[in-house]
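Colleague: Given these sequences and hints, build the entire structure.
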Amino acid sequence: MSKVTILRLLATCAFAALLTACGGDSEQTATTEVQDVTQEVQEFYAANPELITFATPEDLPNDLIWEDGMDLPDIGSPEAKKGGTYYDWLEDFPPTLRPTGPDSNSSARNWVSEYFSLTYASPHPDVEGLIPGVAQSWAVSTERKTVYVKIHPDARWTDDVPITADDALFAFFFYLSDYIQAPFTTNYFKNEFSNITKYDDLTFSVTVTRLKPDMATIVLWMPPVPQHFYKELGEDYPERYQWRYAPHAGPYYLQESDIDMGVRLVLRRKENWWAEDHRYYRYRFNPDRISLTVIRDTAKRYESFRRGDLDLYELRTAELWYDETSDTEADVANGYLHKSTFYNQYPRTSWGLWMNSSRPLLDNVDVRLGIQYAINWDVVLRSYFRGDLERLKRQNQGYPEFEHPDLPPRPFDIDKAVAHFGSAGFTERGPDGILVNEQGQRLSFTLSTHYERFSDVFTILKEEAIKAGLEFRIEMMDGAAGFRKALEKQHDMYFVGFVQSPGLYPELSQHMHSKYAYDQAFLEDGSINPDRKVIAQGNNLEVIADYELDQLIDQYIASEDREEMRDLAFQIQQIHYDHASYSPGFVEPFYRTGYWRWVRWPEGFNSKTTVMARELFVHWIDEEMKGETLEARVKGQAFELVNEVYDQYRIE
Amino acid sequence: MSFFRPNPQTVKKLRRFREIKRGYYSFIILIIFLLLSLLGELLVNNRAIAVSYQGELYFPTYSAFHPGTDFGLDYPYETNYRELQQVFEDSGSEDWVLMPPVPYSPFENDASSGIFRPEPPSIENKHFLGTDTTSRDILARLFYGTRIALVFSLGFMASVYLIGVMVGCAMGYFGGVFDIISQRLIEIWSNVPFLYMVIIVFSVIPDTFTVNMRILILLTVMVLFSWTSMTYYMRTETYKEKVRDYVSAARIMGASNSRIVFRHILPNVLSTLVTFMPFTIVSAISAITALDFLGFGLPPPTPSLGELLKQGTQTLRTAPWIVTSAFGTLVILLTLVTFIGEAIRESFDPKKFTVYK
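Protein chains in written order, with the working numbering: chain A, 1 to 652; chain B, 653 to 1009.
Hints were generated in silico from the structure; no laboratory data involved.
Backbone N, C-alpha and C define an ideal beta-carbon position, used for all residues, glycine too.
Just to be clear, a hint being listed does not mean it is correct.
What the hints assert, rightly or not - FRET-style restraints, in silico, Cβ to Cβ:
#, chain 1, residue 1, chain 2, residue 2, range
1, A, P411, B, S743, 23 to 33 Å
2, B, L847, A, D236, 27 to 37 Å
3, A, R484, B, A702, 43 to 53 Å
4, A, T328, B, S842, 30 to 40 Å
Modeller: Written out as structure tokens, the structure is:
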């Protein structure tokens, strides 16, 4: 998880909290006995006066310059109409509605929490600067390493309880508690913040441990946590809150009657949402209802879209874009189905192959290097993606200042691959052309993934790898089971992409620090701990455990100096590159979307930093047009063909 | 009575089977296909049948792989024999390559345009049924997919019969407590849902197993949950035969239980067995196709009818030849087996009477 992801996670948590408030008694587990954590929270506050401080408004420094972020451009279009139902899909039913804890990082996570939960403030999606959310204004004091926040007096949870500074304080108790079983988040809170002070019911300040260049974002891009909802927090949190939708500050909520287990979720827009006239939210979140149906099968999902059951579909594969929805296709040609290509600017999703360097054979760097040269991404890009996509350069691409300039991704090169495999002892080819070592072991690894839409990519890679004497066994899994396998580090190689956090500099710890792979990788003196155990949480899918690298990452996180951070980032990237356990895959410099004519968009389609068309909810459903289009479709009336390219943010 | 020297009854049945032309010819066609498929590597393969290079003959089909360097090419991986053929022709040397009629393997991507996408059937490119979504030859994939399905179903049938007949006969022959207990156990066992078991078993077997191992496991699981139905018929039949005089006679002469069951009773209940066989095969083919279609069958990129069908349904509009080929093959295959089954059932029908003209 990158820092941003964490922040989003937190945001999600708040959202989930919100949800719960809406479905107050949606508890479906057996754990119903009353439990109250309030006393414990108070004791925690009392026991940690350094961390949680209570002050009076008079204690606020006088030299603060308050900002409200209200001078940035609008988001969305003033033409947007409210109303209607927006139909979309879920890859899988969420395994839980909790925004934190076990299983909460599921494919439905965005819908359950991230899209709608409001943080104190968040980066503007088009320009630099923060836009207010739950906060009305804030002030940054660099010498005190502190951000002061005033909560909007109107701010309400989705269950209409006012949001106060107590919820901000409670967030610290919540995320620092072991109950939530989210070590990464807990760790993040421990390391990132040193104090929170409450001045009055709506004012508080947060002090960070390090003076990072984006300190304000770190503090403000965090949601409050509804204390009243988590009153029953305890050891049984995962079970107790499994199916409670947590209240949040955002526009949509989920009520128990709208949960059709395993089938569908329907989110409703809150009437008189507290921020509905807010400058940055008034043109967004337009549909009255959002209906999400679980459709696990990719083909079926697409067919549902073509039938008109889904309003929008990402036409990501070349096949869908060029063949299935070509401009001569009736629905497209007649203008019922619109298409758009939108070039975005965003740190790039890290699509690639993650090799588990703790597995036999893969623990040999020569084997890994050989694999790097045996993976033919070029033919995938050229022949399968038809030249539309580009090769990803590194795991953290999209932070220009912090990217090592001379670490090019390794190309497909049979000679080099064979040479590296040779140094690892694989010198002979077996009767099927796969390399074998002296012990008779075949050079064969399982390539697992849950991305069904890319399944053809793996069969191509497999065929190409055979040329270098390497065999891949392909294992297609379903989403939840597959990703769990990777998190438990049971994979040989896993194909996955992590969304990177937007920001100035990359988050380099979650995939490389040993603490996200092992419980305790090293002893005090830096030697390998013989009793270390692989942990089942944490995103270090390459299972990198390098003492020196850990030190560098810790320094990088601690560093307050931009130059120093950059140098450290380069060193970290160099070590990661030499470790050779990640094969960068491909980059989509744009996203392509298909949608029905009745789904309307702002003039420039979307915001610069979006990765998916739906993400900011700037679109709206025109019910009138829907009727008109469906009727025309029956009668065979044609409209204008729409296949737009929005390249205003294209980087050449 | 012997298994190997057919009695006049059996001969009559066989003659009757041959007279039912539809079934008989279906049988012949299927046998021919089965034989051909056993030699499939010579018919559908990207390895050449024979290569003559610098006066020496190579037969790469069943041998270990030949790196390109063996034939004067510059790469260390498996020779691309189609290209080699071209190279030899262009160079005008005396070397030659004899390719199979379908010169593609079911795994390789071969796109004429350089872009992996379904291409329609083309005699010129020797993609007689076109290519699939990643430009693999459909005929090759169908051929090997069908072979796997057929071998699988034959293995399935043999195993199911072996277990079903043994247990069924034992139940019928010994009767009493053994019969009652076995029946109850079978009733319980046959209620375990088979599809779930397959899914569960496949989710726990280690991914390091080879494809053949996985096929074997799939076969075992399917057999484990399918042998029960056979026992009911065998049990009834054995009960019926057990009280016949010839069984008593054999017993008086001192024949052992196993001799009575296998040498005396079994040949007499064969007709029941035989009539079920084709339908068992049909169900096995359907089952493995369905499992592949659902993604619980053989791991990619193993060629299979189910996988092709799935691709076909995804590209109904853009590449109808995929679904047509897969569906057509399935229909033909199942029809042939069903015709054979019908014919067998009819020729073994005891109600068959003769009409004097």
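Colleague: Determine for every hint whether it applies to the structure shown.
Modeller: Here is what the structure says about each hint:
1. A:P411 - B:S743: 23 to 33 Å: holds, 30 Å
2. B:L847 - A:D236: 27 to 37 Å: holds, 34 Å
3. A:R484 - B:A702: 43 to 53 Å: Hint holds: Cβ distance 51 Å, inside 43 to 53 Å.
4. A:T328 - B:S842: 30 to 40 Å: violated, 53 Å
Violated hints amount to a single one, hint 4; each of the other numbered hints is respected by the structure.
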